[in-house]
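Be aware that the sequence shown starts at 1, since it is given in the numbering used here, and climbs by one per residue.
No lab work stands behind these hints: they were computed from the structure.
Keep in mind that a hint or two might mislead.
[As the list claims (entries may be wrong)] Derived pair list, reagent style SDA-like, types lysine to any residue, alpha-carbon separation capped at 20 Å:
#  : residue 1 : residue 2
1  : Lys33     : Phe107
2  : Lys42     : Arg117
3  : Lys97     : Leu87
4  : Lys42     : Phe80
5  : Lys42     : Ile84
6  : Lys42     : Leu75
7  : Lys42     : Ala93
8  : Lys42     : Phe71
9  : Lys97     : Ala120
10 : Lys33     : Met51
11 : Lys42     : Ala120
12 : Lys42     : Lys97
[Stated by the list, open to error] Computed spacing ranges between beta-carbons, pair by pair:
#  : residue 1 : residue 2 : range
13 : Asn40     : Lys97     : 28 to 38 Å
14 : Glu54     : Gly96     : 34 to 44 Å
15 : Ile11     : Glu77     : 27 to 37 Å
16 : Leu13     : Ile101    : 27 to 37 Å
17 : Ile58     : Ile11     : 15 to 25 Å
18 : Glu56     : Asn18     : 14 to 24 Å
19 : Met51     : Ile11     : 29 to 39 Å
20 : Met51     : Ile122    : 28 to 38 Å
Here the structure is a predicted model, which is why all the values come from computation and not from measurement.
Beta carbons are placed, not taken as given, at the ideal position from N, Cα and C, and that holds for glycine.
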Amino acid sequence: YYGIEEEELSIFLPVMSNYRNLCAHEDILYNHKTQRGIPNNKYHHILNIPMNNEEEYIYGKNDLYSLIIMFKYMLSEDDFRLLIYELGYEIDALDGKVDSISLETIFDEIGFPMNWRDIAEIE
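Take these sequences, add in the hints, and give me the full structure.
Set out below in structure tokens:
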């Protein structure tokens, strides 16, 4: 794995498993929040993700963006860039089709910061 500590992996796997089970059982994925979250890490800090009153990051802890962060640790750079490219394509297509709700509102619901693509440029 790429820069991931064993301790982080032991936290990542149950969270990823939760999302995998949602997909396997055709459950709602886009706004799901897991009970267990991933630890604060450099990506939360570098992306300048806002914090709530409890000093917890509001995105990328137990939401869909936390999967992106976990994949950043676990995938090769090329595979991760491809993931971001493909996801960006789908988000851009959605933005072109939906006028009744803002992209910012959608991102807030799925737990993505507006600068979500910037993670691909972080080493």
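Exercise for the section: Using the beta carbons of Glu56 and Asn18, state whether their distance is inside 14 to 24 Å or not. Expected result: Check passed, 18 Å falls within 14 to 24 Å.
Problem - Lys33 paired with Phe107 [C-alpha distance capped at 20 Å] - result: 14 Å, holds
Problem - 27 to 37 Å as the expected CB spacing between Glu77 and Ile11, which holds or is violated - result: Violated - the Cβ-Cβ distance for Ile11 and Glu77, about 23 Å, lies outside 27 to 37 Å.
Exercise for the section: Take the C-beta atom of Asn40 and the C-beta atom of Lys97, compute their distance, and say whether it sits inside 28 to 38 Å. Expected result: 35 Å, holds
Practice task
Sort out whether Phe71 lies within 20 Å of Lys42, counting only the CA atoms.
Solution key: OK: Lys42 and Phe71 at ~14 Å, within 20 Å.
Exercise for the section: Quickly compare the C-alpha distance for Lys97 and Ala120 to 20 Å and report which way the hint goes. Expected result: Answer violated: Lys97 to Ala120 is near 25 Å, above 20 Å.
Handout entry: Distance restraint hint 28 to 38 Å, applied to the beta-carbon atoms of Met51 and Ile122
Key = Once the Cβ atoms are compared, 19 Å apart, the range 28 to 38 Å for Ile122 and Met51 is violated.
Exercise for the section: Assess, step by step, whether the Cα of Lys42 is no farther than 20 Å from the Cα of Ala93, and give holds or violated. Expected result: 30 Å, violated
Problem - Pair hint outcome, Lys97 versus Leu87 [Cα-Cα no greater than 20 Å] - result: Holds, at roughly 15 Å.
Handout entry: Restraint status (C-alpha distance of Lys42 to Ile84 at most 20 Å)
Key = 18 Å, holds
Exercise for the section: Take a quick look at whether Lys42 and Ala120 sit within 20 Å of each other, Cα to Cα. Expected result: Within the cut-off at roughly 13 Å; holds.
Problem - Restraint status (C-alpha distance of Lys42 to Leu75 at most 20 Å) - result: The given pair, whose Cα atoms are some 17 Å apart, holds under the 20 Å limit.
In summary, the structure is inconsistent with hints 7, 9, 12, 15, 19 and 20 from the numbered list given earlier, while agreeing with the others.
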